[in-house]
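S.K.: Let's have the full structure, built from the sequences with the hints guiding it.
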Amino acid sequence: VIPRSAALVFVAVLVGLAPAAAAQSDSQPPAQSRQEELRRLRARKATELAPYQPPKIEQGLIFLEEGGYIDRLLNPPSGFFPFIGGITPGAGASAGPGYRNRGLFNGRAAFIAIAAGSWRRYWTLDAQLIVPALAGGWLFADARVSRSSYPEEDFFGLGPDTVREDKTTYDLRNNRFGGSAGVRLARWAVIGQRVEYSTPRLRGGAAGDVPSTGEQYDDADAPGLDAQPDFLTYETFLSVDYRAPGPNARRGGYYTVAFARFNDQDLDRYTFDRWTVDLQQYLSILKGHRVLALRAAATLTEASGGQQVPFYLMPWLGGSHMVRAYPSLRFRDRNMLLLQAEYRWEVLPFLGGALFFDAGSVESDRDDFVLRRLKTDYGLGIRWGTPRGVFLRTDFAIGGDSGFRFLLRTSNAF
Amino acid sequence: MCSERLRSLARRRLPPTALAIACLAGAASGAGPKFFPDDPIAVDRDTLLDAGSPHPVELSEAYDFIENTYASPGDARQIRALNVNTIDEVPDSSWFTNRIGSRPMTMAEIARGPDKFEKLEIDEWVAVAGKPTGFQPGFRAIDPKNPGQIYQLEVDSLSNPEMATGAEMIGTIIYHALGYNVVDNYLVYVDRAKVRIGPNATIKDARGRRRYTERDLDDVFRLSARQADGRYRMLASRFAEGTPVGNFRYFGTRSDDPNDIFPHEHRRELRANRVFAAWLNHDDSRAINTLDMLVTDGGRKYIKHYMFDFGSILGSATRFADDPRSGHEYLLEGGPSVKRGASFGLYVSPWQKIDYGDLPPAVGRIQGDYFDPAAWRAEYANRAFLNMRPDDAFWGARRVAAFTDDAIRTAVGRAAYSDPRAVDYLTGVLIKRRDAIARVWLNGVNPLVNFALDAGGTLTFENASVAAGAATPAAGYALSWGRVDNAAGTTERVGGEVTVTETRATLPAELARADYVSVAIRSLHPDHPAWAAPLTAYFRREANGWTTVGLERE
Chain A
1 VIPRSAALVF VAVLVGLAPA AAAQSDSQPP AQSRQEELRR LRARKATELA PYQPPKIEQG
61 LIFLEEGGYI DRLLNPPSGF FPFIGGITPG AGASAGPGYR NRGLFNGRAA FIAIAAGSWR
121 RYWTLDAQLI VPALAGGWLF ADARVSRSSY PEEDFFGLGP DTVREDKTTY DLRNNRFGGS
181 AGVRLARWAV IGQRVEYSTP RLRGGAAGDV PSTGEQYDDA DAPGLDAQPD FLTYETFLSV
241 DYRAPGPNAR RGGYYTVAFA RFNDQDLDRY TFDRWTVDLQ QYLSILKGHR VLALRAAATL
301 TEASGGQQVP FYLMPWLGGS HMVRAYPSLR FRDRNMLLLQ AEYRWEVLPF LGGALFFDAG
361 SVESDRDDFV LRRLKTDYGL GIRWGTPRGV FLRTDFAIGG DSGFRFLLRT SNAF
Chain B
415 MCSERLRSLA RRRLPPTALA IACLAGAASG AGPKFFPDDP IAVDRDTLLD AGSPHPVELS
475 EAYDFIENTY ASPGDARQIR ALNVNTIDEV PDSSWFTNRI GSRPMTMAEI ARGPDKFEKL
535 EIDEWVAVAG KPTGFQPGFR AIDPKNPGQI YQLEVDSLSN PEMATGAEMI GTIIYHALGY
595 NVVDNYLVYV DRAKVRIGPN ATIKDARGRR RYTERDLDDV FRLSARQADG RYRMLASRFA
655 EGTPVGNFRY FGTRSDDPND IFPHEHRREL RANRVFAAWL NHDDSRAINT LDMLVTDGGR
715 KYIKHYMFDF GSILGSATRF ADDPRSGHEY LLEGGPSVKR GASFGLYVSP WQKIDYGDLP
775 PAVGRIQGDY FDPAAWRAEY ANRAFLNMRP DDAFWGARRV AAFTDDAIRT AVGRAAYSDP
835 RAVDYLTGVL IKRRDAIARV WLNGVNPLVN FALDAGGTLT FENASVAAGA ATPAAGYALS
895 WGRVDNAAGT TERVGGEVTV TETRATLPAE LARADYVSVA IRSLHPDHPA WAAPLTAYFR
955 REANGWTTVG LERE
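Read top to bottom, the protein sequences are chains A and B. Position 124 of the first sequence, counted from 1, bears residue number 124 in the numbering used here, the numbering being contiguous throughout. Going from the second sequence to the numbering used here is simple: count from 1 and add 414.
Accuracy of the hints is not assured; some may be wrong.
Unchecked claim - Capping the alpha-carbon separation at 30 Å, the derived lysine-lysine pairs in DSBU-like fashion look like this:
(1) B:545 x A:56
(2) B:618 x A:56
(3) B:545 x A:287
(4) B:846 x A:287
Claimed, not checked - If you want the ones that stay clear, here's a sample from chain B, every Cβ over 12 Å from chain A, calculated:
(5) 904
(6) 921
(7) 923
Keep in mind that the hints were calculated from the coordinates and are not lab data. No residue lacks a Cβ here, since even glycine has one placed at the ideal position from N, Cα and C.
M.R.: Below you can see the structure in the form of structure tokens.
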């Protein structure tokens, strides 16, 4: 980097001042020693001193780095920050103001609140109080309250054989109040209980030419369409997580099993149970420079005694984390099965490639799952991030209703 | 020779200060003699002019990476280093002090390094500020009994106790012995309960400048490795004397420092730092890890240049063990990454096959068996490293080879690892890497050194590669003598080429009365073709005999 003033002088030298400079130099008797020669050269430079002037780009980067503005803007330890991400699958890119305070109770608790909206008019208000470590780290707890509006939730009918042309939309609004607490059995295992009170309410959707769900389906086709109760939900969960070195794992596994009971608080028609199993295994190849990531997940619901599972709480398939050539909420029914495999390879320390294959289905009866009815896709992806996390993912998935789908997301597939 | 290089620099659009650059190895003006009476100079007096009040040079880490990766700043031509003296050595200066390889160093001297105190024993610390930069958690503190001296204290990670602090200690000791300016570092054992926060302590973080709190202090210790007695092993870096004025770059000169006249990419000690960085796997050797201090000496101010921050050398990435890529590829390196990407990962880089086994956590990840010095890479390139020529590498390799096994073990010992396996493993790795450097870079040029011509006309010299055990003796040495006209800078050959098998020869009788003589030597070895490149030694007749005044390697 050449200082501007020095560069100007240099140009002047080139265009004709050199002889003058030389003459000035020649006016001195020849140096009689190496030290004298060096002293003269330094004396000459002493007449040309100028402070370093960083280029504009460097000035800007220094400003950002010195002030910590990138962290301050995107991920401050405390204070306001711009929330950027997804509200819910299918909401589209979302953003909004956030506030974080990690200093509550002498640093033992954190409060996070966001108010975010998306270009598809989804919005959410969400606040959490998190106590990550109590009793020497053995216990954890959190409390959460949220209010949300999802005005264009898709519904194509139930089962794996629905067609894209049957797409309808509904508006789902919900208030949720709850919390969870648990015990850290080991550094890699937790067991906990979650309690939540929610008030889901449906209205007719509004998405251009797409009809409202109520116009195409009735309560027999879509249980819960006519009336929605409040729910009190209890969920017990067990997680084992020994992925290493982080969520974008090179080896290890992540296993979750959860059982939830949704209690209809108003209508005595929609009380049901839900089992969720998510098993992820990461097999290291070539010392972790290549990884085979495998996932098997299932969500099974069961309602007895004349109760039903409301369609808007049924498991679904599609979207960027499941059979990704299909859009979010594409298939929905009482049971869901998902099988995924990704071969990931390291290109650069912060860039990797992935070949993936997804298969999954939904069925009303879990005995109906058969391989030939699984929806499948495959594709190629690029991941920006480190073993500790992916911050940008691009996937090109082949399959689905339209033959292919391009995805740009800020999280890993699994 | 030198004036031609200066004109060439001018064509590279360097500023007028660069135009004025002299070469210590030769006259700056075609009108001057080849050798001045004071050649070879042992000291470059680059502290004589008052530096005044230079503005701190702030660097952007991101810009430094981008500029060095994409823009290739500085003068890229492979010219001889400009700050070497006429015998191809680096004189002492504000940058460098000749130590190991230039004079004997005792084990005690190596072990002591730059430290002002033999041991730092401070029971209670007062935190005075947060740590503004760097990946390693820490804070700045003082000893309440000596509040004028600030230390920066840093911890080790939970996953790799003793790793970063150990690396810092070893790096400090070795870089000091090599000749660089480094700050004092001490291992201290800190009781959290005996650290209090000073009344004016502040920290600058993502929230801006604010008061330093107990919680900040807890955050430092929370994820830090703890000793069995409950204390924390920490590295205490004593602030160097003077005022910090920023960092130096690996190219260009400081435009506000009258003493800084040699473009840094043409300073031998910065070019050859690539050798030392390769030896120690100092992949973080970049401008941000350097330090310029404004020092006052007898009312005159000058800038002293430091190497700084060795926490991520050897197998350490400070908080984690080093990535297996470390030292093998730049962060962004097109060829292998394109191959890996386009082949869907079927192309496997050689470093990806290395099995490190189960290394002690204090070591991190480093090995010596597959170390290829010439292929070694920092995290990203810098112009001085790229400009390193075989003669620069030879100069550096001689210093590395000067570390005996005992000297290496002494340096590793300063890390005070609690696991003896870590001491043994790192010592072994550094010995292997030292030997690899000697094999590659002591044989990249004609490796003859230490020329002497005694009053009786007997010439002696040494083969540095043979002395280091990096090669078998040469089959012979072919010598051509000459008479040197110092004023004109020309040499008249006297007699034909003669071959000797020993590292000694006799001055031809007809040159006994000459003022300056030269001898060009080719070393003959079937396995080392680079030895055949002639080097020329120059001698000046003095009252008591001959003085070696010049050495030129081709």
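S.K.: Does each hint fit the structure? Answer for all of them.
M.R.: Structure-based check of all given hints:
no.: 1; hint: B:545 x A:56; verdict: holds (27 Å)
no.: 2; hint: B:618 x A:56; verdict: holds (24 Å)
no.: 3; hint: B:545 x A:287; verdict: violated (35 Å)
no.: 4; hint: B:846 x A:287; verdict: holds (24 Å)
no.: 5; hint: 904; verdict: holds (18 Å)
no.: 6; hint: 921; verdict: holds (26 Å)
no.: 7; hint: 923; verdict: holds (32 Å)
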